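Q: Listed here are the chains, written in short residue letters.
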Amino acid sequence: MSIDAKLAELGITLPQAAAPVASYVPAVDCNGVLHISGQISFAEDGSLIKGRLGEDMELEAGATAAKRCGIMLLAQIKAALGSLDRVERIVKLGVFVNSAPDFTDQPKVANGASELMQAVFGEAGRHARSAVGVAALPLGVAVEVDAIVAIRR
Amino acid sequence: MSIDAKLAELGITLPQAAAPVASYVPAVDCNGVLHISGQISFAEDGSLIKGRLGEDMELEAGATAAKRCGIMLLAQIKAALGSLDRVERIVKLGVFVNSAPDFTDQPKVANGASELMQAVFGEAGRHARSAVGVAALPLGVAVEVDAIVAIRR
Amino acid sequence: MSIDAKLAELGITLPQAAAPVASYVPAVDCNGVLHISGQISFAEDGSLIKGRLGEDMELEAGATAAKRCGIMLLAQIKAALGSLDRVERIVKLGVFVNSAPDFTDQPKVANGASELMQAVFGEAGRHARSAVGVAALPLGVAVEVDAIVAIRR
Chain A
1 MSIDAKLAEL
11 GITLPQAAAP
21 VASYVPAVDC
31 NGVLHISGQI
41 SFAEDGSLIK
51 GRLGEDMELE
61 AGATAAKRCG
71 IMLLAQIKAA
81 LGSLDRVERI
91 VKLGVFVNSA
101 PDFTDQPKVA
111 NGASELMQAV
121 FGEAGRHARS
131 AVGVAALPLG
141 VAVEVDAIVA
151 IRR
Chain B
1 MSIDAKLAEL
11 GITLPQAAAP
21 VASYVPAVDC
31 NGVLHISGQI
41 SFAEDGSLIK
51 GRLGEDMELE
61 AGATAAKRCG
71 IMLLAQIKAA
81 LGSLDRVERI
91 VKLGVFVNSA
101 PDFTDQPKVA
111 NGASELMQAV
121 FGEAGRHARS
131 AVGVAALPLG
141 VAVEVDAIVA
151 IRR
Chain C
1 MSIDAKLAEL
11 GITLPQAAAP
21 VASYVPAVDC
31 NGVLHISGQI
41 SFAEDGSLIK
51 GRLGEDMELE
61 AGATAAKRCG
71 IMLLAQIKAA
81 LGSLDRVERI
91 VKLGVFVNSA
101 PDFTDQPKVA
111 NGASELMQAV
121 FGEAGRHARS
131 AVGVAALPLG
141 VAVEVDAIVA
151 IRR
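Residue numbers (this note's numbering), protein chains in the order written: chain A, 1 to 153; chain B, 1 to 153; chain C, 1 to 153.
Since the hints were made in silico from the structure, they are not lab data. Values in this document were obtained by computation on a predicted structure and should not be read as measured data. One or more hints might be untrue.
Stated by the list, open to error - Here are the simulated DSS-like pairs of lysine-lysine, each with C-alpha atoms no more than 25 Å apart in a straight line:
#	chain 1	residue 1	chain 2	residue 2
1	B	Lys50	A	Lys108
2	B	Lys108	C	Lys108
3	A	Lys50	C	Lys78
4	A	Lys78	A	Lys6
5	B	Lys50	B	Lys6
6	C	Lys6	C	Lys78
What the hints assert, rightly or not - Reference listing, derived: stretches of chain A covered by chain B, where coverage requires no fewer than 3 residues with Cβ under 8 Å from a Cβ of chain B:
#	segment
7	12 to 20
8	114 to 125
Stated by the list, open to error - From the derived model, a few chain B residues whose C-beta atoms are all more than 10 Å from chain A:
#	residue
9	Ala119
10	Pro138
11	Glu144
Every residue, glycine too, gets a C-beta built ideally from N, C-alpha and C.
All chains should be built: construct the whole structure from the sequences, respecting the hints.
A: In structure tokens:
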């Protein structure tokens with residue numbers, strides 16, 4: 001099954017790949033390894049998912065925000081490679097969670113992105129990960145996720 | 001001398017490699033480069049080393065927490081590669097220190113992990129590094145460290 | 001035009017590559033990919049650029065601090081490779097901005113480093129990036145930036 005078919009089965013529609021806010025690019029292919037810029041959390045309607053875990057956002061909403069970052073990563077990967085079928089392996093996700101000092105469930109938030117990758121790519125979606133709580137994120141979003149992806153040759 | 005012998009000489013016992021809390025994997029080999037998930041600080045007895053530098057944890061305890069993250073990284077590398085002798089180079093450590101806003105000694109904390117790598121691997125343990133202070137970490141731990149490791153072929 | 005000539009045209013003088021504060025190295029070449037340690041913000045006179053965005057530092061000063069991190073990255077790349085002409089591509093910048101909880105313009109701060117790379121390397125300077133707000137940074141600096149660089153062979 002193609003990854004596009006898998007996305008359809010999962011009911012996931014890829015958004016337009018977001019343009020970088022600034023003077024950088026969404027993805028760089030370095031010797032067959034794709035480095036994707038940190039993607040911030042956008043809702044399906046294109047609005048920003050803002051908030052801080054442990055302050056004004058619940059865990060479930062945080063996990064949804066992380067999933068939406070993952071969906072934007074997919075959109076960026078597809079834009080960079082032409083087809084998601086060229087993904088050999090999701091290698092690493094770096095998950096940054098906008099966190100109040102006493103919020104300690106960053107892994108459960110990050111699972112929103114991690115479970116997406118596994119659902120979409122199966123074994124090839126099983127990745128290494130770091131998940132940390134940061135003081136602030138661009139435009140006040142709840143989650144930012146960057147990625148390293150191995151490209152099939 | 002094998003790395004296992006070196007560990008014995010240093011009096012370091014590797015713990016059971018911690019299972020990921022969630023839907024990701026401890027390490028991914030991408031074209032001979034091993035990406036290892038962020039490891040959080042566990043004490044020798046398996047309990048979490050919790051705390052925030054500049055608030056309720058002293059510098060020395062923070063460095064010990066970073067060293068313990070490093071030891072868990074070694075356990076993960078060994079579990080992934082079968083033997084630590086397959087490490088060609090510790091390439092990069094990403095060190096995240098749970099920090100109060102006025103704590104600025106992240107490098108000294110991170111040295112706990114960096115000095116370990118050099119003690120264990122010698123020249124091959126000398127790595128690039130970033131060390132930053134974060135607002136919060138999973139389960140309230142003091143330190144999280146991820147790594148990139150080149151594999152001998 | 002050589003990159004050194006380009007730097008001269010831009011009026012940029014590279015500082016002495018800063019020695020690591022601790023037990024790690026400024027850069028590691030891993031199979032033709034250079035991983036550079038996080039560089040903190042130093043002013044032209046060698047003093048630290050300290051501060052926290054949203055608290056005691058304005059946006060423009062933050063962007064300058066990020067540019068200075070970028071200039072120190074260039075100094076480290078040159079020290080590691082002998083010549084900046086060996087840079088094939090700036091692959092990724094990781095930008096950590098010392099941020100008060102309500103500061104959300106990390107991308108504009110990070111642009112100080114990103115625009116520098118594009119000015120110096122042109123197309124080869126267009127990189128992937130993540131930019132996040134952290135609670136604290138080493139020695140109280142305003143910005144820390146690490147980098148991944150592909151080396152020409």
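Q: A separate judgement is required for each hint: does it hold in the structure or not?
A: Status of the hints after comparison with the structure:
1. B:Lys50 x A:Lys108: Satisfied, since the Cα-Cα distance of roughly 18 Å is no more than 25 Å.
2. B:Lys108 x C:Lys108: Roughly 30 Å separates the two Cα atoms, so the pair is violated.
3. A:Lys50 x C:Lys78: With Cα atoms ~40 Å apart, Lys50 of chain A and Lys78 of chain C exceed 25 Å; violated.
4. A:Lys78 x A:Lys6: holds, 14 Å
5. B:Lys50 x B:Lys6: Answer violated: Lys50 of chain B to Lys6 of chain B is near 29 Å, above 25 Å.
6. C:Lys6 x C:Lys78: holds, 14 Å
7. 12 to 20: Coverage by chain B is violated for the segment 12 to 20 of chain A (0 residues, Cβ < 8 Å).
8. 114 to 125: holds (count 3)
9. Ala119: holds, 24 Å
10. Pro138: Non-interface label on Pro138 of chain B violated, nearest chain A Cβ at 5 Å vs cutoff 10 Å.
11. Glu144: violated, 6 Å
The structure shown violates the earlier hints numbered 2, 3, 5, 7, 10 and 11.
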